[in-house]
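This is what each chain is made of:
Number of protein chains: 4
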Amino acid sequence: MVAKKSEVIVRYAETDAQGVVHHATYPIWFEEGRSDFLRQIGTPYSEWERMGYFVVVADLSLRYLAPAYYEDQLVVETTLQRLKKRLIEFSYRICRGDEVIVQGSSRHLIVGPDKQPCALDGDFFARLNQLLEEQQPS
Amino acid sequence: MVAKKSEVIVRYAETDAQGVVHHATYPIWFEEGRSDFLRQIGTPYSEWERMGYFVVVADLSLRYLAPAYYEDQLVVETTLQRLKKRLIEFSYRICRGDEVIVQGSSRHLIVGPDKQPCALDGDFFARLNQLLEEQQPS
Amino acid sequence: MVAKKSEVIVRYAETDAQGVVHHATYPIWFEEGRSDFLRQIGTPYSEWERMGYFVVVADLSLRYLAPAYYEDQLVVETTLQRLKKRLIEFSYRICRGDEVIVQGSSRHLIVGPDKQPCALDGDFFARLNQLLEEQQPS
Amino acid sequence: MVAKKSEVIVRYAETDAQGVVHHATYPIWFEEGRSDFLRQIGTPYSEWERMGYFVVVADLSLRYLAPAYYEDQLVVETTLQRLKKRLIEFSYRICRGDEVIVQGSSRHLIVGPDKQPCALDGDFFARLNQLLEEQQPS
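Protein chains in written order, with the numbering used here: chain F, 15 to 152; chain D, 15 to 152; chain H, 15 to 152; chain Z, 15 to 152.
Calculated from the structure, these hints are not laboratory results.
Straight line, CA to CA, 30 Å or less: simulated BS3-like cross-link-like pairs of lysine-lysine:
1. Lys-18(H) / Lys-19(D)
2. Lys-129(H) / Lys-129(Z)
3. Lys-129(F) / Lys-129(D)
4. Lys-18(D) / Lys-19(H)
5. Lys-19(D) / Lys-19(H)
6. Lys-19(F) / Lys-19(Z)
7. Lys-18(F) / Lys-19(Z)
8. Lys-19(F) / Lys-18(Z)
9. Lys-98(H) / Lys-18(H)
10. Lys-129(F) / Lys-18(F)
11. Lys-99(D) / Lys-19(D)
Given the sequences, and given the hints that come with them, work out the whole structure.
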């Protein structure tokens with residue numbers, strides 16, 4: 015399984031009146047983890063959409079272990095758990111130093127320009143697998 | 015000038031670590047004020063987009079007079095200041111009871127499906143003016 | 015189990031470039047469902063915080079069944095699944111007419127002003143249970 | 015006048031149904047510009063709050079010149095226009111390569127832990143001015 019790390023510095027707008035990061039911010043950081051994962055392996059998601067593949071979220075779960083604060087420097091570790099032609103699964107760990115503060119997972123379906131479920135075509139799927147094989151083990 | 019009122023209850027996600035509503039929330043409430051203004055006069059903005067008219071923000075200004083808090087019940091007063099075929103201007107007052115807490119204004123251009131500036135066609139423009147004339151004075 | 019309904023009209027700011035509501039918007043609507051649930055039974059969450067009880071999210075899961083669009087009128091059905099002195103669980107269904115578009119659940123811990131886990135005191139816990147018993151069956 | 019540059023990559027959550035960055039995202043990037051400005055000169059805003067100085071937005075204005083898109087790499091140029099003991103002014107340019115896409119300005123007041131307007135104390139004000147003098151001309 016390939017994993018990639020992305021850095022996030024907490025924005026003031028991401029905090030709430032409890033003085034901590036609002037819990038609905040983490041799904042956005044997970045999404046950024048996915049975006050950055052795809053950029054790092056060489057296939058930015060904006061290219062997927064130009065090819066007519068829209069990745070939509072089917073399931074999302076999060077476990078909140080500790081709060082984060084404004085200006086915290088966090089690392090989002092994004093792991094591709096499964097890649098099939100119609101389904102993609104990721105897991106995430108958001109860390110502050112050695113401490114895991116939030117972990118979670120998401121499942122995604124592929125839809126076409128008509129927003130109906132579809133499958134990645136064979137060539138693109140093969141290219142993705144090729145890019146993944148070229149990554150350093152994590 | 016036609017004005018309309020919309021109610022907002024402050025969401026927890028709209029607060030920040032200072033314990034007050036984050037300042038970037040107010041442009042969203044202004045936008046909701048515009049949306050609700052158009053719904054109230056009988057021409058929802060989603061219909062504009064289906065007709066191929068996309069209203070984009072050209073200028074925005076806000077003055078922050080007092081903070082708002084979670085669960086505050088606020089009223090957004092949205093006034094149409096100017097309606098031309100290529101340009102729309104609104105002003106806003108966000109009030110808690112008798113107190114104005116934020117005021118502002120925005121200017122908007124019309125763009126077409128190609129995202130290039132365009133003009134509202136004569137029939138639609140006439141219909142908008144008709145709808146505005148039918149409103150009760152504010 | 016007591017359930018309450020809250021209405022939401024989709025804001026433009028809640029959509030994304032796929033033309034649908036962004037998936038990180040739903041946790042905010044769940045939170046609004048909880049806020050409105052507590053307001054409807056007569057114990058607004060802002061009062062909880064004034065008493066020194068801060069409810070934090072421990073777990074959150076969502077299943078996305080269908081997209082929502084700008085200006086959709088949605089109903090958030092919030093059900094209190096469990097109320098203990100240290101733990102609260104809710105489930106949610108977000109509906110457009112008869113169609114469930116998103117469902118989910120959340121678990122919450124109570125923390126005190128020092129942000130350490132604590133228990134609701136006996137009197138407040140009894141009052142909550144009293145308020146819940148007074149609700150109409152859903 | 016001291017200016018600092020910060021990089022932003024557009025997040026999917028920051029786009030809207032027009033396929034572009036939602037206009038309420040830019041005030042958040044301005045705020046990040048300010049945060050990063052203060053970090054770069056050596057006085058992170060989280061330290062200000064620990065000292066009991068809360069910077070609140072009094073006025074904000076934005077001019078939108080061109081849209082931005084998901085995964086665009088943007089630069090926020092933040093210029094400190096005025097620093098007084100009770101008032102701070104910044105201006106901003108958000109650029110994609112050589113193109114300015116959004117520009118704006120903001121004025122800020124200092125409030126104390128009681129949320130009442132106050133002045134920066136003489137020592138901290140002198141230290142800020144010292145830090146600013148040490149910066150490279152922009």
